[in-house]
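Going down the list, the sequences are from chains A and B.
Counting from 92, one number per residue, gives the positions in the first sequence under our numbering.
Counting from -12, one number per residue, gives the positions in the second sequence under our numbering.
Some hints could be false.
Unchecked claim - List time: in silico EDC-like cross-link candidates among lysine to aspartate or glutamate, alpha-carbon distance up to 16 Å:
{"#": "1", "chain 1": "B", "residue 1": "Lys54", "chain 2": "B", "residue 2": "Asp78"}
{"#": "2", "chain 1": "B", "residue 1": "Lys32", "chain 2": "A", "residue 2": "Asp207"}
{"#": "3", "chain 1": "B", "residue 1": "Lys32", "chain 2": "A", "residue 2": "Glu204"}
{"#": "4", "chain 1": "A", "residue 1": "Lys109", "chain 2": "B", "residue 2": "Glu59"}
{"#": "5", "chain 1": "B", "residue 1": "Lys32", "chain 2": "A", "residue 2": "Asp271"}
{"#": "6", "chain 1": "A", "residue 1": "Lys109", "chain 2": "B", "residue 2": "Glu58"}
Hints were generated in silico from the structure; no laboratory data involved.
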Amino acid sequence: MFHSLGRYILLLRLSFRKPEKFSVYWAEVMREMVSIGIGSLGIISIISVFIGAATTIQVAFQLSSPLVPLSIAGSIARDSTILEFSPTISALVLAGRVGSSIASEIGTMRVTEQIDALEIMGVNAPGYLISPKIISSMTMFPLLVIVSITLGITGGYIACLVSGDVTPADYLMGVRDGFDGLTVRVALVKAIVFGFIIASICAYQGFYTSGGALEVGQSSTKGVVYSCVMVLFADLVITRIML
Amino acid sequence: MIEIKDIHKTFGENQVLKGISASFQPGKNNLIIGGSGSGKTTLLKCIVGLHEPTKGDVIFDGQNFTKMNFEERVPIRTHIGMLFQNSALFDSMTVEENIIFPLNLFTQMSKSEKLDRANFCLKRVNLEGKNKLFPAELSGGMKKRVGIARAISMQPKYLFVDEPNSGLDPKTSILIDDLINELTEEYQITTVIVTHDMNSVMGIGEHILFLHNGEKWWEGSNKEIAHTDNKELNDFVFASKFMRAAKAKL
Chain A
92 MFHSLGRYIL LLRLSFRKPE KFSVYWAEVM REMVSIGIGS LGIISIISVF IGAATTIQVA
152 FQLSSPLVPL SIAGSIARDS TILEFSPTIS ALVLAGRVGS SIASEIGTMR VTEQIDALEI
212 MGVNAPGYLI SPKIISSMTM FPLLVIVSIT LGITGGYIAC LVSGDVTPAD YLMGVRDGFD
272 GLTVRVALVK AIVFGFIIAS ICAYQGFYTS GGALEVGQSS TKGVVYSCVM VLFADLVITR
332 IML
Chain B
-12 MIEIKDIHKT FGENQVLKGI SASFQPGKNN LIIGGSGSGK TTLLKCIVGL HEPTKGDVIF
48 DGQNFTKMNF EERVPIRTHI GMLFQNSALF DSMTVEENII FPLNLFTQMS KSEKLDRANF
108 CLKRVNLEGK NKLFPAELSG GMKKRVGIAR AISMQPKYLF VDEPNSGLDP KTSILIDDLI
168 NELTEEYQIT TVIVTHDMNS VMGIGEHILF LHNGEKWWEG SNKEIAHTDN KELNDFVFAS
228 KFMRAAKAKL
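Please build the complete structure, drawing on both the sequences and the hints.
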């Protein structure tokens, strides 16, 4: 475990060495941003709407007491979406989509000697392959989380319209009531940290792949599993520190 | 010129290379041959710096490569071209982008100069007009030729080739050998080829290093190989009936 941790830290240090040519790295960052950001928009939109809708209906179901105003459902759904569902569930989904893609892409490059080809040319392979992915993930995850929050709350509104458990007016009143900007800051910090964790762990697993197609698959699986565990651990730590 | 001095390489308990020394001259095809597991590819990887030798030195034109750190190696690396066994072309890039890639990183050439260079390299390997194809759209022989085009794009002083004929039909193998031979002579490149293809050995083996169990077992040229009494080398080179018959006629 300590050996792996040491190798991971050394790889990160190599990844953030001075680039050979900034313009080439910048182009790579832009390409990754499109791949990670635009490429993940569809899945994030779908899960956010459904999770927002389901959360609202469940909160409304639990608030059966006539003493509690139904607008509370909006407040609870909003805070749950901002603090937990959007950053964490999105990160877990992105670990599957983005993380596995990073691990398998780099792993395939390793077993087909493409990384050796980069090194022979004098290119800092970790820098060229890993740093653009980490930078792009840390940039695009917060944007995806903002989209997810917006769509999650919209999903809750749609659920109110369709189910009638809470009136849309009560829901909107609850969403607006007692809003604290800190929750959004927590969500964005989580998104940045999760982006780093997923990209770096999956890149590490891919970079040290050896063997063939089977090992590329195993690296991809390990990358997703380890990054999911670390995302949940980081979620707890950030929540404890910031709230 | 490349000199290797007393190269040892150990993986755990397994000693793969046991003190190999040799020198490789410019403008010559230097072949490293030997049976599977004899240490050919490991030696090549030690020379180019993909593996660090456990002991010994690799010297490129008087500069001790093994003693250098990553940054110090970069100027030498920009003079190295390498053709990998499976070509190792970047899947996400077109043929043209593959060739231009090192030029983008290490030269100040304008876009049109880089395109001209890519077209020149493609013409040199008889692949004109294939600029926009992706590696997945190429045959094995074409991939090798694109690999050569990428390797020569930076006008290398040293060319390393790992199993250039693996997976190719005999005719294409000869084409690739001839191309490497022409480039070596034309640009006076120090070329080091790892192979176990006997056609290559007899055809372009100006300087041959035979490895056996991680040791340098024999050194000479393709003209000398037919007359050697080295048992292991004879067993390796003349293993097939065809080669034995060819030797008998010599």
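* Asked: Are Lys109(A) and Glu58(B) close enough, with their CA atoms no more than 16 Å apart?
  -> 11 Å, holds
* Within a Cα-Cα threshold of 16 Å, do Lys32(B) and Glu204(A) meet the stated pairing? -> 12 Å, holds
* To do: Starting from Lys32(B), check that the Cα of Asp271(A) is at most 16 Å away, please.
  => Measuring from Cα to Cα gives roughly 59 Å; hence the hint is violated.
* To do: Please work out if Lys32(B) and Asp207(A) have their alpha carbons no farther apart than 16 Å.
  => 10 Å, holds
* Asked: Does the alpha-carbon distance linking Lys54(B) and Asp78(B) stay inside the 16 Å limit?
  -> 33 Å, violated
* Lys109(A) and Glu59(B): Cα distance at most 16 Å? -> 14 Å, holds
Hint violations for this structure: numbers 1 and 5, all remaining hints satisfied.
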